[in-house]
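Colleague: Listed below are the residues making up each chain.
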Amino acid sequence: MTTYQEFIQQNEDRDGVRFSWNLWPSSRLEATRLVVPVSCLFTPLKERPDLPPVQYEPVLCSRANCKAVLNPLCQVDFRAKVWACNFCFQRNPFPPSYAGISEVNQPAELMPQFSTIEYIVQRGPQTPLIFLYVVDTCLEEEDLQALKGSLQMSLSLLPPNALVGLITFGRMVQVHELSCEGIAKSYVFRGTKDLTSKQIQEMLGLMKPAATGPQGRPVAPQDAAASCRFLQPIHRVDMNLTDLLGELQRDPWPVPQGKRPLRSTGVALSVAVGLLEGTFPNTGARVMLFVGGPPTQGPGMVVGDELKIPIRSWHDIQKDNARHLKKATKFYEALGNRSAANGHSIDIYACALDQTGLLEMKCLSNLTGGHIVMGDSFNTSLFTQTFQGVFSKDHNGDFRMAFGGVLEIKTSRELKVCGAIGPCVSLNSKGPYVSENEMGIGGTNQWKMCSLTPSSTLGIYLEVVNQHNAPIPQGGRGAIQFVTQYQHSNTQKRIRVTTITRNWADAQSQIQHIESSFDQEAAAVLMARLGVFRAESEEGPDVLRWLDRQLIRLFMFHLRRSPFLQVFNNSPDESSYYRHHFTRQDLTQSLIMIQPILYSYSFHGPPEPVLLDSSSILPDRILLMDTFFQLVIYNGETIAQWQKAGYQEMPEYQNFKQLLKAPQDDANDILETRFPMPRYINTEHGGSQARFLLSKVNPSQTHNNLYAWGQESGAPILTDDVSLQVFMDHLKKLAVSSSA
Amino acid sequence: MNVNQHTPMAPPYGQPQPSYGQPGYGQPTYAPLDSGYPAPYAPHNGPASAYHPGIPPQAPPPSSQPPTSHYSAQPQPSYSQSHPPASSAPSQLPPSSAPAGSQQYYPSSAPPSQQPISSLPPTSQQRFVSPGQPQHTFPPSSTSYAGPAPPPTQPASTPVTQTQPPFHPHQPPFSSAPGGQPPAFTTGPPPPAQGSFPPQAPPPSSQPGSFPPPSSVSSGQYPSSMPPPQQPPQSQPPTYHPGPPPPQAQMPPTSIGQSNHQPPGPQGPPSPTGPLQQPPLQQGMQTGAFGQPRSPQPGYGGPYQGQPNYGAPAPTPQAQKRLDPDAIPSPQASDMPPVQKSRHRIDPDAIPSPIQVIEDDKAKTTEPFTTGVRGQAPPLVTTNFQVKDQGNASPRFVRCTAYNMPCTADMAKQSQVPLAAVIKPLAILPPDETPPYLVDHGEGGPIRCNRCKAYMCPYMQFIEGGRRFQCSFCSCVTEVPPHYFQHLDHTGRRVDCYDRPELSLGSYEFLATVDYCKNNKIPQPPAYIFLIDVSYNAVKSGLVSIICQELKSLLDHLPRENPEMDSVIRVGFVTYNKVLHFYNVKSSLAQPQMLVVSDVSDMFVPLLDGFLVNVNDSRQVIESLLDQIPEMFADTRETETVFGPVIQAGLEALKAADCAGKLFVFHTSLPIAEAPGKLKNREDKKLIGTDKEKSLFQPQAGFYNNLAKECVTQGCCVDLFLFPNQYVDVATLGVVPVSTGGSVYKYTYFQAESDQERFLNDLRRDVQKPVGFDAVMRVRTSTGIRATDFFGSFFMNNTTDVELAGLDCDKAITVEFKHDDKLSEETGALMQCAVLYTSCSGQRRLRIHNMAVNCCSQLADLYRNCETDTIINFLSKYAFRGVLNNPTKAVRDTLVNQCAQILACYRKNCASPSSAGQLILPECMKLLPVYLNCVLKSDVLLPGADVSLDDRAYLRQLISCMDVAETHVFFYPRLLPLVKLESGALPVAVRDSEERLSKGGVYLLETGLHLFLWVGASVQQELLLNIFGTPSFGQIDSSMTSLPVLENPISQRLREIIDSFRAQRSRYMKLILVKQEDRAELMFKHFLVEDKSASGGASYVDFLCHMHKEIRQLLS
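Protein sequence lines correspond, in order, to chains A and B. Under our numbering, the first residue of the first sequence is numbered 1, with each subsequent residue one higher. Under our numbering, the first residue of the second sequence is numbered 1, with each subsequent residue one higher.
Hints are supplied without guarantee of correctness; some may be wrong.
[Unchecked claim] Straight-line Cα separation of at most 25 Å, PhoX-like style, residue types lysine-lysine; simulated pairs:
hint, chain 1, residue 1, chain 2, residue 2
1, B, Lys678, A, Lys193
2, A, Lys198, B, Lys678
3, A, Lys193, B, Lys655
4, B, Lys521, A, Lys259
5, A, Lys148, B, Lys586
6, B, Lys655, A, Lys259
[Claimed, not checked] Interface residues of chain B toward chain A, partial, derived using beta-carbon atoms under 10 Å:
hint, residue
7, Ser588
8, Pro592
9, Val605
10, Pro606
11, Leu625
12, Met632
To be clear, the hints were calculated from the coordinates, so they are not data collected in a lab. As the structure is a prediction and not an experimental result, all values here were calculated from the model. Positions of the beta carbon are idealized from the N, C-alpha and C atoms, including for glycine.
Could you put together the complete structure from these sequences and hints?
Modeller: What follows is the structure, given as structure tokens:
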């Protein structure tokens, strides 16, 4: 087992890939019997500080429908200067530049340790990054000020040549012109009218380059960027933009009693997408949407402005009572697809106490690889730090973000690609590698990820297509090549190629081996992704049933209870938010999401992980729970009393002070590294915020069984949910009966 | 109309005397003249010859009877020609009545001019002899015109030949001017005409017999030389014009078009370039005339060749109607060459002179006019007088056509005198008169009659000791509210009568309560929004900078109630071309913000806060904005504009701010950019004269009508300043301003240097003038009459409420009344005009004007107490509205008809018996013909070729809201000889005729829209020095728009006069310098309305003859 764990870890570190099975069953029949499909979690841009990119172009297989990249698995005839593609077996001559290769002088891509390699290619003009802020002005004054501050701050983080644009909206949508002196100028759109991309461009005067619009002033012809008055290099408009943001006012239209402010989010996004579409198609760009409430008018409206009609809940949705849902979703999907087609990603920063329509808008980010951040207010560190996190930089000082990624998967002929689940859209590339059996976003072996971070992770689902009666020769290996082209945040075009291989195994004869190659964690996450993917498109109970059917043999207790599948107690927005992150985070983070981690701090010893169980809640412990989205510090009853008594202030109780501080320090470490920043909750026994903890732990003790079990330890949870014990008992019963 | 009714009555003269006796006039006088300038006129004859057809026949008669004899013969004051015995006239008139109003003018011969006048004073009546002569006589007269030489000879052929030769020589000069065209006039026709002539002649004669031609001759006044030829051949009436074969050949197509239209005038001149060019012809002629002929008579410009055209149409239709073939001539007459006309003219001094009437009225008015006496006609609008309100509204607020209203509908119908009032509710009073008092009746609001809702006024009768009052409009009795109770004195009047304006004055204001407000909410102060076109044309002409510069200072002069306080009016700014730019000028901003709205298809206002601001609060930001606008668009290359969305934008802004207000739109071009209200260029001069002509006055699409309606609902008044370089479709663009009580200003070919002053003055006045918003006007009348029709700039949703989004101090509304029952002489007829409006400070008020007039059961009383200026105001508005739905020609016919009936009715019912040949006019209406002729000749009804469709539409709209003083001077311009300037009083004006211009003089002509300074060619050096600072005529710069400031009494006085003229008018008049014989003189001559106009309008004399003929036909 250890060997496999090491192998898995090593593979993950090097290639950013985790397979559910690390030995592959050699036939379709056997593969299906394994229930969990051959699949992997793949992190295309996994940070590899130790991997310097090479400065040349990859060598491609010359077969037209293959085009696989030369890799260490290829057979090379150094003498003839030819190589054989390990996917299609085509023999290819090396290009002239490889004339000098030999066994001792091999290019990097042939060395086994370079199973992942990154190329820098010089193709086409390098276009600067584009950041288009789309800002809701229907905010509370406090929120708006905070948001303005964050935005101004972000300007200083942008590279000087980055293009920035600003769209504000409320009842109307304003596209600000940034290059003008004196009078601040903006184009205004009505918030209720759905405009086509062409109309938008016409109205912005973008149809005829230069000399259009009321300001016929000749524009500096140096670069294409200057031709668009709405997107300007930050170094040129820094002052203007800072002032502009500074003068930004709340939407002036009066909001009558009992109404929501009219918020034209839909049109604002439509304009943003149209603007970029018309000016910088297929260029790396982020549309950053900041909203403080739901869209209340025009296309994409989620709820009317009557406060007496609450925003849709899961209950409404199940009752088919959400009248704007379908229309709005359709609108945002169309917008997301358009944006994705142009390679622009859309971030949503939604800060409000009520829902903001993420359910409807989520596809914008999901399809384009944008972030979704949900908070209570822009005036919280959760938002400000998360927002800063967007602009975090790697060890080279480059943004941890990449644009316009295209992932292509090539497989050896025994395998086909069923689909992918993650922040991507299909490029509809049908090739020999594509399975007819779709899982996730299928029907293609190429996906587009408009925006990527080093942690963006796709679930890739494969299918063994080898027939049982055509056994693979002993020692045969399957290979998969991931080719990721993207625009680096320093505007370079890069290609990262990861080629991995696994052995085939005959399920009948080597079932033990296959079993031992099983990666439980990866499988759990991959299956969870499938579940979430289905949950997005199907009714909740159906998914649970499917999951139970599929996974009855798996340990999925927490997943069943997680917000990814359960909508109880979560608003539709929260569900969307959680699911959004679940389908893009890497394995470790995903696991945390499925099964929160619980640490216990006490005077009895160093912090120790404890069971996520109500029995862990003890009076003299401090608990730290990390659910990915929340970070809860829970002081046990006694601790809390001590704290209230102020012992930590007394010199003789320094140790108590340290005990209190320990979980906070740990929490801070997590807070600093995690994106998005989790909600940080510091609570205590009996505190109202304790519910965050109580809702997660296994209800081994509830009001139903509390007295039956005696009071030795732990805290009762008031719930009707079954406890893990019950679940396991039930599971065992089922397992026995079904196998019988 | 009812014309026909009368005709039967007058059988006696009817046929025998085709009314044309006129030809007879003036001959003696002119004879000499003619001789004087054989050459110049000769040409005319040529053309004339063309139409000679008519003449030839006439010729014989003339010879037989010397016209002159007639005149001289006429011994008596009423020197009707004896021929048709006076007896023939329907003698009905009671003597008393006759004296009252009528005057008979005698077209005396040479000396006549004085004669009539002298005769006048003695007898109130003046008989107008002119036409009186039997037809026989007529011909002679015609001959007389024909020109000195030829006429006498008369053989058609001969005259022609003679004339022609001379003519040709002249032509060259003309042709050059008009573009070879003039020939059309003379040359063209001559050759063909001549050739054809003989042949043609016969045909005409054939028509009605010999007569027609004569008649035509008589009318011969009609200038059109060309048409005549044709006419004859064709059926006399209308047809002639269109056809004129000869003319066609020579004349450009346009001329033809015109000819169709206006049979008379257009022919010659118009064809080339338009009326203007015609003038050149005239000039040529004139000059000739001046030079030689004048010498004998310095007084008048030489013979005026002007073509006499009265409503060209008029003649024709009538001709048709008549049974009598003889009548026909009139139309043909128009065809007659101008030359001839001039010849045979009646002495202009013998016919009623507007100047004389005006001066007489001035002389008569020495006391302030008190309004207490019911049915008393006020002094003329041209007279300066003071008004004392003693219970009826001042004539500055209300003027009526008749101060003795007929008691019954039958009478009214019979007389055809329009019963109307011209109301100018917010008129500004001179400083020495008190503006209406403001009355507050407390929370209950103004006290009103329970039934008809009339407001408390001096006519209410308090009864039962003052506990109730009886409404004098509807007789309903209403309780007096306790707080308003007051005891009565022994005469039954309230004791506090004189303490309360509403009980003692004709005009006053009530403070309205919240019940009178829209949505029962006290209104917000109004807002002014400036919407500035910043397309290429506007920027290039300098317009944008001028506006922005001016606005900076202008904003300090927004209207306010209390001069001490700052105005509460808020302002907003928008610029636009194909898209709209709104500006946020909130006071808290360091710099204005521009908000561009490109979505013009679905207009909205992009901001709320900061768009409409208080000037003082946001002064810095506004000034910064106004400084930057011209710069921002300095390099614009956008030429397309929108218009509908611009108004929508303003409207939406007012809606958003929930207030009324005014939009100032500065616009340059036809809105062709894709947007609602987009227009296409539909300028098509071919339609002029056709039945489709009316479509040119109608808006292109319903869009603007709907928009106007919305504007009115919101109380959004639109003032439109147009700066077109080409057709902009004023007819359509003007819809919203006209419907919202706004104004349209038009500066064609705007040039910063020359037009800036006029524009800025207009703008200043427009921005500063007192104005009310969201107004509703209701006219209540005593039982028996009813306000049935309204004319002006407003919108009506129902038949009684006149809705005015805005109502400023210059806007007048003409209201027509009709009987629905009998009136009694005792009570008279009462009317109460109530205007509910929001003042510029946002106060809701009611302005009440009360007017009581007498009622009469005798027609003579009616005719004795009329006001011609007001009648003309009504008739012109009526006619100008008529062209929207009727062929222009029909409108002119109707006008002429109605006037003929008015006068015929008088003649038949009121005048003392006299010869049928006499033209007898009521004293009060003796100017009706001359003024009516001016209306008929206006550019709207009879456009010259160079009058654009836009001009016509513009004038049409403009007239619709003019008051009486404005229409008066517009139709009959004021022509001042600049003599004896040193003295304080204004010189006495002279009549609008070229004859009155002395080559050695300088004249100032004012129309309310234009101001000309005409300088004679041989003016004294000293005068030139004093006025222009240059001794030489040649050195005067005719492009100057203001006079040099010279330190001498003449210069000072002249500038004072000009300034005072400008101050009197609601629009600034640009000074145009016209040097005699200069090209600009063409334009100037257009305003000499007593002369034949280049576009074919008849001269006064000719029209009078024509009118006489019409009357006689009605009587016969």
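Colleague: Would you mind marking each hint as holding or not holding in the structure?
Modeller: Do the hints match the structure? See the list:
no.: 1; hint: B/Lys678 <-> A/Lys193; in the structure: holds (21 Å)
no.: 2; hint: A/Lys198 <-> B/Lys678; in the structure: holds (21 Å)
no.: 3; hint: A/Lys193 <-> B/Lys655; in the structure: holds (20 Å)
no.: 4; hint: B/Lys521 <-> A/Lys259; in the structure: holds (23 Å)
no.: 5; hint: A/Lys148 <-> B/Lys586; in the structure: holds (20 Å)
no.: 6; hint: B/Lys655 <-> A/Lys259; in the structure: holds (20 Å)
no.: 7; hint: Ser588; in the structure: holds (9 Å)
no.: 8; hint: Pro592; in the structure: holds (5 Å)
no.: 9; hint: Val605; in the structure: holds (9 Å)
no.: 10; hint: Pro606; in the structure: holds (4 Å)
no.: 11; hint: Leu625; in the structure: holds (7 Å)
no.: 12; hint: Met632; in the structure: holds (6 Å)
The earlier numbered hints are all upheld by this structure, with none contradicted.
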